[in-house]
Amino acid sequence: MWWPRSNDLGAELPAVIESLDRRGFRTEWVSFSRQTWDGTGQQLLIAGRVIRTSSYRAIDPHMVSLSGRDGRARIDLLVVPPDSPATTAARAFSRIVDWDNHVTASDALAAASSEWTHEDELMSWPAVQAVPL
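Residue numbers (this note's numbering): 1 to 133.
None of these hints come from the bench; they were simulated from the model.
Backbone N, C-alpha and C define an ideal beta-carbon position, used for all residues, glycine too.
Please note that the accuracy of each hint is not assured.
Said to hold, decoys possible - Simulated restraints on C-beta separations: (1) Gln43 <-> Ser114: 16 to 24 Å; (2) Ala86 <-> Glu28: 30 to 38 Å; (3) Leu45 <-> Ala111: 17 to 25 Å; (4) Arg72 <-> Arg5: 24 to 32 Å; (5) Ser114 <-> Pro82: 18 to 26 Å; (6) Phe25 <-> Ser114: 18 to 26 Å; (7) Ser94 <-> Gly48: 15 to 23 Å; (8) Ala73 <-> Gln43: 30 to 38 Å; (9) Phe93 <-> Gln43: 14 to 22 Å; (10) Gln43 <-> Ala111: 16 to 24 Å; (11) Gln42 <-> Asp107: 23 to 31 Å; (12) Thr40 <-> Ser94: 14 to 22 Å; (13) Ala47 <-> Arg74: 32 to 40 Å.
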């Protein structure tokens, strides 16, 4: 799951790519939804290398796919919109591991956005803190 600060993929993606690099996943290609992200070129220079990008109309607007060097390794990130409340991000984060692979990122986020619990009324601090990657 990823909760970027803006819809500017060129500004937001370097921290994700560099974090994955440190964990042994070398991203070569990023696929994303045209309707979610502000325009970007077909390539970005990140961490000293060229990352190819592709935008699609058909990809889930709340998902970004990062592909590795061989094309088989892939990480799909559920993207929480930047303007989402912390409670929505917290619910999505805490429940994402419980959703099976048949639930789309948009459906998962919609479920997290629509849930309302008594704990929400009592919550006086954000359940999720932004941690630099």
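We went through each hint and held it up to the structure:
1. Gln43 <-> Ser114: 16 to 24 Å: The hint (16 to 24 Å, Cβ to Cβ) is violated, given that Gln43 and Ser114 are roughly 38 Å apart.
2. Ala86 <-> Glu28: 30 to 38 Å: At roughly 33 Å between Cβ atoms, Glu28 and Ala86 fall inside 30 to 38 Å, so the hint holds.
3. Leu45 <-> Ala111: 17 to 25 Å: About 37 Å separates the Cβ atoms of Leu45 and Ala111, which means 17 to 25 Å is violated.
4. Arg72 <-> Arg5: 24 to 32 Å: The hint (24 to 32 Å, Cβ to Cβ) holds, given that Arg72 and Arg5 are roughly 31 Å apart.
5. Ser114 <-> Pro82: 18 to 26 Å: 19 Å, holds
6. Phe25 <-> Ser114: 18 to 26 Å: This hint is violated: roughly 32 Å between Cβ atoms.
7. Ser94 <-> Gly48: 15 to 23 Å: Violated - the Cβ-Cβ distance for Ser94 and Gly48, about 35 Å, lies outside 15 to 23 Å.
8. Ala73 <-> Gln43: 30 to 38 Å: At roughly 20 Å between Cβ atoms, Gln43 and Ala73 fall outside 30 to 38 Å, so the hint is violated.
9. Phe93 <-> Gln43: 14 to 22 Å: Since Phe93 and Gln43 have Cβ atoms about 31 Å apart, the given range 14 to 22 Å is violated.
10. Gln43 <-> Ala111: 16 to 24 Å: 35 Å, violated
11. Gln42 <-> Asp107: 23 to 31 Å: 29 Å, holds
12. Thr40 <-> Ser94: 14 to 22 Å: 31 Å, violated
13. Ala47 <-> Arg74: 32 to 40 Å: 18 Å, violated
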